[in-house]
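A.B. asks: Guided by the hints, dock chain A onto chain E, whose structure is given.
What follows is each chain in one-letter form.
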Amino acid sequence: NAGVTQTPKFQVLKTGQSMTLQCAQDMNHEYMSWYRQDPGMGLRLIHYSVGAGITDQGEVPNGYNVSRSTTEDFPLRLLSAAPSQTSVYFCASSPGAGWRQETQYFGPGTRLLVL
Amino acid sequence: AQSVTQLGSHVSVSEGALVLLRCNYSSSVPPYLFWYVQYPNQGLQLLLKYTSAATLVKGINGFEAEFKKSETSFHLTKPSAHMSDAAEYFCAPPMEYGNKLVFGAGTILRVKS
Numbered sequence: 106n107a108g109v110t111q112t113p114k115f116q117v118l119k120t121g122q123s124m125t126l127q128c129a130q131d132m133n134h135e136y137m138s139w140y141r142q143d144p145g146m147g148l149r150l151i152h153y154s155v156g157a158g159i160t161d162q163g164e165v166p167n168g169y170n171v172s173r174s175t176t177e178d179f180p181l182r183l184l185s186a187a188p189s190q191t192s193v194y195f196c197a198s199s200p201g202a203g204w205r206q207e208t209q210y211f212g213p214g215t216r217l218l219v220l
Numbered sequence: 176a177q178s179v180t181q182l183g184s185h186v187s188v189s190e191g192a193l194v195l196l197r198c199n200y201s202s203s204v205p206p207y208l209f210w211y212v213q214y215p216n217q218g219l220q221l222l223l224k225y226t227s228a229a230t231l232v233k234g235i236n237g238f239e240a241e242f243k244k245s246e247t248s249f250h251l252t253k254p255s256a257h258m259s260d261a262a263e264y265f266c267a268p269p270m271e272y273g274n275k276l277v278f279g280a281g282t283i284l285r286v287k288s
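Heads up: the protein sequence lines correspond to chains E and A, in order.
Mapping the first sequence onto the working numbering, position 55 (from 1) lands on 160, and the numbers just tick up by one.
Mapping the second sequence onto the working numbering, position 61 (from 1) lands on 236, and the numbers just tick up by one.
These are calculated hints, taken from the structure and not from any lab test.
Where a beta carbon is used, it is the ideal one built from N, C-alpha and C, also for glycine.
Each pair of labels, with its calculated beta carbon distance range:
no., chain 1, residue 1, chain 2, residue 2, range
1, E, M124, A, E239, 40 to 48 angstroms
2, E, M132, A, L195, 30 to 38 angstroms
3, A, S227, E, M124, 41 to 49 angstroms
4, E, Q127, A, L221, 19 to 27 angstroms
5, E, G121, A, S184, 29 to 37 angstroms
6, A, S259, E, P144, 19 to 27 angstroms
7, E, T208, A, G191, 24 to 32 angstroms
8, E, P144, A, K244, 32 to 40 angstroms
9, E, D178, A, R285, 31 to 39 angstroms
10, A, Q217, E, D178, 16 to 24 angstroms
11, E, R182, A, I283, 30 to 38 angstroms
12, E, Q127, A, S202, 32 to 40 angstroms
Okay, chain E solo, but in the shape it has when bound (with noise of 0.2 angstroms):
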């Protein structure tokens, strides 16, 4: 298994380019989410999905759109790139069920610098 990948690795956006953040797991897991990491912030949850068809808002979802056609893939969007969303991105997924109990697994990360 390749567990949870995640491209690019690296990007550079100007301001009010969109992209896409590839995530993809073959685990069959349900729960899908995805996280940016910034220096002193922590990790914070921008958007997640407990299924195939079913998302919903994190802590930060503004300036961000998901969407959830298959179980193996939830990519990310950014509409119009902004400096702010410069950040480290994970993506990460659990099997989803009893999820309370669930252990997540991360992808290694995309490093996006908006400029």
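C.D. replies: Here is chain A on its own, set in the frame of chain E:
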């Protein structure tokens, strides 16, 4: 929804010294609590988790944590620090639908030679 508080954003210890990273939780007795570790330039990985089966939980790399209801704490310890333990450590409550706050702020552990 539950939340956790990590005390100390940075902790520095000498190699071979005791490691103590603090985490306190809010709410009534939680059924689950987690510690994750993030090594430099990597994603997070599970260090250990409390599942109500035992109050003392052993994790990977010699770490353990004790759930203390009377103190609402779940502190992470290791008897003897190693240079390879230098990382950021996150305490986390269980995932719950609608809970948007799912990780502590993190504690960066520095190990001095």
